[in-house]
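Undergrad: The listed protein sequences derive, respectively, from chains W and L. Our numbering applies: residue 1 is where the first sequence begins, and numbers increase by one. Our numbering applies: residue 1001 is where the second sequence begins, and numbers increase by one.
Errors might be hidden in some of the hints.
Each pair of labels, with its calculated beta carbon distance range [as the list claims (entries may be wrong)]:
#	chain 1	residue 1	chain 2	residue 2	range
1	W	Glu203	L	Ala1315	36 to 44 Å
2	W	Ala135	L	Asp1327	44 to 52 Å
3	L	Asp1327	W	Pro136	48 to 56 Å
Stretches of chain W that chain L covers, calculated by requiring three or more beta carbons in the stretch to come under 8 Å of a beta carbon on chain L [said to hold, decoys possible]:
#	segment
4	213 to 222
5	226 to 232
6	240 to 247
7	253 to 262
8	275 to 281
9	287 to 297
10	352 to 363
If you are wondering where the hints come from, they were derived from the structure by calculation, not from laboratory data. Backbone N, C-alpha and C define an ideal beta-carbon position, used for all residues, glycine too.
Number of protein chains: 2
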Amino acid sequence: MSLTPRIDGDRLLGRLDAFAGIGATPAGGVNRQAFSVEDRRARRLLAELALERGFTVFQDGIANLFIRREGTDATLPPLLIGSHLDSQPTGGRFDGALGTLCAFEVLEALEDAQAETRMPVEVVAWANEEGSRFAPGVMGSMAFTGADAATWKSVVGADGALLAAELDATITALPEAALRPTGIPISGYIELHIEQGPSLEKEQLPIGVVTAVQGTRWLEVTTQGTAGHAGTTDLAYRRDPMVAAIAAIHRLQTTIMPLDSSARLTVGRIAARPGSINAIPQSVAFTVDIRHPLAEQLDVIETEVRQVCAAEAEAQHCTAMIKRSFDMPGAAFSPDMVNLVEEAVNSLGLPHKQMISGAFHDALFLARVAPAAMIFVPCRDGLSHNEAEYVEPDDAVIGACVLLRTAIMAASPR
Amino acid sequence: MSLTPRIDGDRLLGRLDAFAGIGATPAGGVNRQAFSVEDRRARRLLAELALERGFTVFQDGIANLFIRREGTDATLPPLLIGSHLDSQPTGGRFDGALGTLCAFEVLEALEDAQAETRMPVEVVAWANEEGSRFAPGVMGSMAFTGADAATWKSVVGADGALLAAELDATITALPEAALRPTGIPISGYIELHIEQGPSLEKEQLPIGVVTAVQGTRWLEVTTQGTAGHAGTTDLAYRRDPMVAAIAAIHRLQTTIMPLDSSARLTVGRIAARPGSINAIPQSVAFTVDIRHPLAEQLDVIETEVRQVCAAEAEAQHCTAMIKRSFDMPGAAFSPDMVNLVEEAVNSLGLPHKQMISGAFHDALFLARVAPAAMIFVPCRDGLSHNEAEYVEPDDAVIGACVLLRTAIMAASPR
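Excised from the complex, chain W in its bound form:
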């Protein structure tokens, strides 16, 4: 007879401390970059904890790490829960680690209670989510969901190391974990993560139910006019690319986001050439970061950016050149899986809100192959990718409770 599975808060917080010690930085953060010695130590610790509890440990060709607890129906693919263990070079203790260790706590809670699930449940620690040492990031989840990992083998890291060699060393450092193919059928995926933004903390909500991950597209715009003296150039002869750029950006800033609350448009970089106080510039270059969960809306926004820039340039007798320099489509999560998270949150009586993730996560890729969802917990001041990253212990435990309830429902569908 099984008990009701319960999160052991002290055990979870102790684990968070233990993992924060691996690659700890003097400023209280962690440096545990992908495929590094520190990354290997964290993977080893998790594998050892898993083996102690009698779970099975696997890894695949890109060093994704899986910890499996069997279900009652061996024909069903596993439910995956997890996140990542690698960090930024001056990263925080919670980005990735919190989701991975909450997932492991869920597995232990199920085991403590001898609870049965229909599906197998697997904790996953995706390899190289951050991409700070070896670009691109989210490498593990991309490979798991079908990307060709062969092209990354020759990537040279920020520290001069070759990815192929470091990946090999990472995999062979964990002989306890049997190698299995990269990318297996799964029943679903649930990832808990810190918000990496300020909204939950400011609204005093312990949980965000994430309905989608925004896609990101970067555009680089250059308006080109005719340089001229700020004073002597007659009004009729000014072909001012700054006027064109400002008018275009202003139109975009005052329409895109106000019209669609899921859209984000950010101009983070702008410069004029030659950049003289007393000269009409020759050209103005600026970047546009656009985000939307729906790929087709990214297309719509990009078209709008192109049309607005062309029109405002023409109005000033200037030209506009636009280059797309980055494109990562987003994904809406499965409504069924999102509803399970909602149900879990409601059953715990927790204040919460539905929200969209503005940053990439491994879940973005998993959502392409299975029902997926994410659970956000607040982090102080919205800080992340920062050694001062901080999550209240209570919020970490509450997050684990929500993950546990969701996983139980997802792994034993009615």
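Once you've looked at the hints, dock chain L against the given chain W.
TA: Quick look at chain L alone, frame taken from chain W:
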């Protein structure tokens, strides 16, 4: 009995060529910076030509050079006509030299015709107009109109030379020119200059009748917000200093100049910090160059810039800091002197327009002590401060004819 004074076009064009040979650059321009050996050679050539014609030559303590032809009424202060002989380091052949040599041609034309004027007429070559070697520029006319030249003596040039030493050497290199006090009473001042802008050429007008010189003021604006992730920062928590800066600049660009055709507003420099494609900036800094002939309108525009920046910053929960980094009041020319130029142009049947000078000129300072006016002639593509600067020979001669007629009327008032 005197003849009608006439401009000798060939003589004028020959003189232009001769002076263009002093400090000539391989690319066809001139490098004849203030108080340099080349500047001294140009001053010597002009003084020698003057002495050959029997004119008197003076200089003052800042090395302004005067060539005097007496009038019939020794009690009247002289009418000054002229410009400057110094150049930018990669300057053109006409900026300054054209006005100085046209003025000398006028003096020779009067002498050729044995024409009498009531006032003495003096050609002036103002010292250090450009300021490229020793800042500030327009030093000669500023000292002539009352500025204290003593403070400039310790200025060190771009080439390491001390102004006091180079000025001394320049003055002593021309012993033929008697020294007289800096700043004497004058009856009026007329300066011919290239437009340094494209409007006359584009409108196929040989003459611009300049009614005023714009004042210039530089403002440096910084909007300050909160840096954040372009994707994860919720709409409600964005404090985007780029949105504030763009909205402010857009409001200024769409109101100031359209509402007042004498006003100019130019944003020539802009930058965001930290300048990441995928981050809301922490701050955005930009410059505002404002110009207007009326000092009180510069005040009005500066107030508008301050109000607009503050309001748009506040609308984004940002702040705006504004610093005034440069201020040079403009001047409206004497309507009487402008009317004389108009009359001269009309008597020659020349197409022309009234216009405002967007650049400083020595005339800006002379207008503060006497009736002054300027005559503009077209330059190719509006290019100036450029070795490719070019004036059509016909336009140079036409300019000299207008200067001659105006000077005759101004020097013998009815």
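Undergrad: Of the numbered hints stated earlier in the document, which are not met by this structure?
TA: 1
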